[in-house]
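Q: Fit chain B to the supplied structure of chain F, relying on the hints for placement.
Read off the chains here:
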Amino acid sequence: MISARGLTKRYGDTVAVDDLTFDIHPGTVTGFLGPNGSGKSTTMRLLLGLDAPTRGSALIGGAPYQALRWPLRSVGAVLEARSFHPGRTARTHLLALAAATDVPPRRVDEVLSLVGLADAGSRRAGTFSLGMAQRLSLASALIGDPGVLLLDEPVNGLDPAGVRWIRDLIRSLAVAGRTVFVSSHLISEMALTADRVLVIGGGRLLADTTVADLAARGGGSLEDAFLTLTEGIG
Amino acid sequence: MDSYGFRQVVRMEWIKQRSLRSVWWVLAGGMAATVALGVVAGYNTRNAGGDPTSNVLAGVALGQVITGVLGVLAMTSEYSSGLIRMTFAAVPRRPLVLAAKAFVFGSVCLVAGEIATFASFLGGIAALRSTVPHPSLADGTVLRAVVMAGVYLALTGLIGLGVGTILRHGAAAAGVLVGGLYVLPVIFGAASHKVGLFMPIMIAGNSLAAVKPVAGFTWSPWLELGIVAVYPLVLLAAGGWLLVRRDA
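Quick note, the sequences are listed as chains F and B, same order.
Residues 32 to 265 in the numbering used here are what the first sequence lists, from first letter to last.
Residues 23 to 270 in the numbering used here are what the second sequence lists, from first letter to last.
Pulled out of the complex, with its shape left as it was, chain F reads as follows (with noise of 0.2 Å):
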């Protein structure tokens, strides 16, 4: 479960995320919908600690993620940009990983398959295309096999069989009772693997229901009540 309180955060005049309030239930699958600079990823931040709120709080399973024991075993984050050294290779950045974690280094070989990743691990992470890349990132996040999952664009860089093949791993998440929380700018893809969405614009939650219910809104089209509720809004 993640919630978030009044969520607000400033970066210098400018308001990235604006009174945020909401909560993501286990075993579905909750996308996050909003157009560039909406404050997704500032979202996505501020829920792994990475950023401070300025007002309001983010909570996973009830507690700031500073307080987490194991943080990796609980949650997994696959953030927008690049967070591994081009120099390291798979093996090394997902070994460190396990280390800090306490899971036993066999965690990273499963975590290579289950990517597809398990030819590659060798190699130097800077020589990955941005597909391989968003691979080896969603094996970070899945290394604790955590219960909460934070995914900022995960299609990125995929081809159609990655597309297709991450929407099923990211279904079979959340059937197996983990909170997924998926942000995309991608409408039609959101319409394929979510079951809830929240809608942010301007920082701001437009919207927080299921696909159908806001699907239906737009006379059936998720695109065109996307587009009505984000209208004029950055």
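FYI, nobody ran anything at the bench for these hints, they're computed from the structure.
Careful: at least some of the hints might be erroneous.
Facing chain F, according to a computed beta carbon distance under 8 Å, are these residues of chain B, among others [what the hints assert, rightly or not]: (1) Ser25; (2) Phe28; (3) Ser44; (4) Gly104; (5) Met108; (6) Ala111; (7) Val113; (8) Lys216; (9) Asp269.
Sample of chain B residues with no beta-carbon within 12 Å of chain F, all distances over it, derived [unchecked claim]: (10) Gly27; (11) Glu35; (12) Val87; (13) Leu132; (14) Thr163; (15) Ala251.
None of the values given here were measured: they were computed from a predicted structure.
Where is the CB? At the ideal position from N, CA and C, for every residue including glycine.
A: For chain B alone, kept in the frame of chain F given last:
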């Protein structure tokens, strides 16, 4: 264990440290150059009344910038690559990350520094002319100078780590580090020895690595080593304070 702690974070940092080949090449190359300078300085020593130990440890003036810049990069490369976000997601208690980095990187630099200074001494003394007295490690003062010069290289590595943590940008931090180590003493130290007593690079050459007293450097080498150690302590404390307060 019910929560992560120093042990886990040290293991993470050790895996990071050992897995970047370029770091080892730069460290090995830098220490080799340090030794080479020592050998050349030994060969060029002609003054029979001088301090050959101090001369053959002259390469430390170069070695310090190698450990210092690697210290800078140990932190700033995490920011430039984005790895820092993953690191802090794994270990949200950020000062623990810095403490573990300081421990792992400081230990690596200490070992590398001692190897470099002992090799400098042995190589440099072997290159001494027969007209110059040959110091021996059996002499406690000589041994102290060699050991302290190695410790100094570890401390400059930690100074670099501290500057890198505060500034976060590799080029800026390396510039500040080199300017602070080499340029400030030129501005202040040349004018007054009293200020030199507090400047790492002056302390290294005139006190830590010296066997014979140098004019103006009347304080004990132990006190001077303590003064050098204050720099990384203050910089790392400031860096840790900033890590908690800044967005990653």
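Q: Hints first: check each against the structure and report whether it holds.
A: We went through each hint and held it up to the structure:
no., hint, result
1, Ser25, "holds (4 Å)"
2, Phe28, "violated (11 Å)"
3, Ser44, "holds (6 Å)"
4, Gly104, "holds (4 Å)"
5, Met108, "holds (4 Å)"
6, Ala111, "holds (5 Å)"
7, Val113, "holds (6 Å)"
8, Lys216, "violated (43 Å)"
9, Asp269, "holds (4 Å)"
10, Gly27, "violated (10 Å)"
11, Glu35, "violated (8 Å)"
12, Val87, "holds (21 Å)"
13, Leu132, "holds (22 Å)"
14, Thr163, "holds (43 Å)"
15, Ala251, "holds (28 Å)"
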